[in-house]
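Undergrad: Each protein sequence line maps, in turn, to chains A and B. Last residue of the first sequence: number 242 in our numbering, and the count goes up by one each step with no gaps. Last residue of the second sequence: number 420 in our numbering, and the count goes up by one each step with no gaps.
Don't read these hints as lab results, they were simulated from the structure. Note that CB positions come from ideal geometry on N, CA and C, so glycine has one too. Some hints here could point you the wrong way.
As the list claims (entries may be wrong) - Listed below are the simulated DMTMM-like cross-link pairs for lysine to aspartate or glutamate, each with C-alpha atoms no more than 25 Å apart in a straight line:
#, chain 1, residue 1, chain 2, residue 2
1, B, K404, B, E389
2, A, K212, B, E253
3, B, K404, A, E46
4, B, K404, A, D214
5, B, K404, A, D29
Unchecked claim - Not everything, but these chain A residues come out facing chain B in the computed CB check (under 7 Å):
#, residue
6, D45
7, L47
8, I199
9, E224
10, L228
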Amino acid sequence: MTATDEQITAWLDGALAAEEASLMEALMDGSPVLAARAARLRHIDELVRRTVPLEDSLPAELLARLGLPAPAQPDAEPDNRAAVIDLAAARAVRAEARSAHVGWGGRRALLRITAFTGGWRVAAQLLLVLGLGVSAIHWLNRPASDPGPAPVDPAYHALADAPSLGAVANESANAVMLFAEPGDAAGARAIAASVGAQIVGEQTRGGVWRLKIDPAQRDRVLAELRGLPQVRMAEPIEGATP
Amino acid sequence: MSGAEDPLAKEHVSSRLIAFLPRLRRFCHGLTGTADQGDDLLQATFERALSRIDQWEAGTNLENWVFRLARNLNIDRIRAQQVRGIPVDIEEAHGLAGEDELARLEFRSDLDAVRAALAALTPDLREVMAVVVLEGKSYREAADLLEIPIGTVMSRLSRARKLVEAHVNRSPEREVAA
């Protein structure tokens with residue numbers, strides 16, 4: 001009696017019943033050819049696992065794609081300021097980037113913020129860590145003749161332009177909004193309702209509210225929101241179902 | 243009843259998802275056959291999981307739920323790209339064009355050969371490899387996850403290993419671990 005590859009693989013995977021497994025082992029003992037075949041198939045499995053290895057962590061670039069912050073680098077130059085970057089510092093970076101005319105190429109690689117990232121502070125950190133300013137995102141792409149409804153901190157436009165905002169968005173949200181100061185849900189709903197928008201779900205840990213807006217009115221509604229002093233950012237979710 | 247209805251529960255589940263990402267990444271790589279496509283699938287799966295986190299049933303296996311999301315998204319991706327084509331018996335295909343094709347191939351190493359093999363496997367064969375060989379799940383778990391009979395798991399796994407082996411046999415290393 002011999003064994004098929006299917007039986008051998010089942011034995012290798014521990015999928016044979018005890019009696020069948022014992023029989024297979026007995027066959028192996030009596031057949032160097034069969035034992036070699038089993039070893040060969042085990043070797044193939046090992047090659048597959050080496051080809052598709054399990055890494056301890058994800059690379060920073062992939063984390064950014066997922067909207068997650070890169071882990072702290074233990075060997076990096078200690079600089080506690082990096083962990084507490086404030087908006088003033090972020091603005092300084094953005095100003096520098098504006099002068100350097102950072103274009104769209106760097107834009108999509110930036111700021112893919114999700115509910116898990118710790119929000120705006122992480123956004124600022126990512127800006128610095130990646131060395132890419134985002135200030136130009138709004139200003140470089142806004143027509144010079146269009147002053148806009150109000151001066152808006154351009155970085156917040158980047159926050160909402162993150163391609164992976166699916167992590168912030170949900171099935172029905174098609175825009176996001178961030179307040180200058182933390183507020184409660186009732187206040188957020190009232191402000192949203194005042195311009196014809198609807199809050200969807202709960203506030204993310206980063207302080208972002210998801211909005212559902214009539215697609216035909218979205219640009220107008222977002223412009224009105226940006227004009228409100230308490231609204232720091234209001235942007236559409238690219239790729240969201242309007 | 244969903245498993246993540248309140249914010250604290252959602253945050254807990256989200257943390258579990260994040261901790262699970264390295265394994266999910268490997269699984270997605272295994273499903274797609276390439277690292278780049280695997281990362282794209284990982285991103286889509288992660289975002290789908292977050293957006294549907296309310297649909298996960300508490301008490302069920304969260305990882306298997308995410309694996310199913312990944313698998314379904316991969317199927318959608320394949321359909322969208324129309325790469326599945328007409329179903330062909332893998333043994334017949336392997337015995338005809340497959341051998342001819344392999345005869346023309348040379349790989350720099352066993353790992354190159356396996357990489358090419360994984361990219362060449364049909365999606366249903368990659369699935370069983372990802373679930374059983376990479377994830378180490380039992381045939382029963384694989385059958386449940388892939389919604390196929392255990393016998394089909396066994397036969398697909400055997401075919402997949404043979405095809406990978408055929409590629410490795412084209413490698414200059416060609417060592418036989420015996």
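Undergrad: If a hint holds in the structure, say so; if it does not, say that too.
TA: Hints versus structure:
As the CA atoms of K404(B) and E389(B) are separated by approximately 23 Å, the hinted pair is consistent with the 25 Å bound. Distance restraint check for K212(A) and E253(B): the Cα-Cα separation of roughly 23 Å lies within the 25 Å cut-off, and the hinted pair is therefore satisfied. In summary, the hint linking K404(B) to E46(A) is supported, as the alpha carbons are separated by about 14 Å, within the 25 Å threshold. Distance check on the hinted pair: K404(B) and D214(A) sit about 55 Å apart at the alpha-carbon level, beyond 25 Å; violated.
Distance hint between K404(B) and D29(A) is fulfilled; the C-alpha atoms sit about 23 Å from each other, no more than 25 Å. At its closest, the beta carbon of D45(A) sits 5 Å from a beta carbon of chain B; the interface hint therefore holds under the 7 Å criterion. Interface hint status for L47(A): upheld, as the beta-carbon distance to the closest one in chain B is roughly 5 Å, under 7 Å. For I199(A), the shortest C-beta to C-beta distance to chain B is roughly 15 Å, which exceeds 7 Å, and the interface hint is violated.
With a least beta-carbon distance of about 27 Å to chain B, the hint placing E224(A) at the interface is violated under the 7 Å criterion. At a threshold of 7 Å, the smallest CB-CB gap from L228(A) to chain B is about 26 Å, leaving the interface hint violated.
In terms of the numbered hints stated before, the structure departs from hints 4, 8, 9, 10, listed from lowest to highest.
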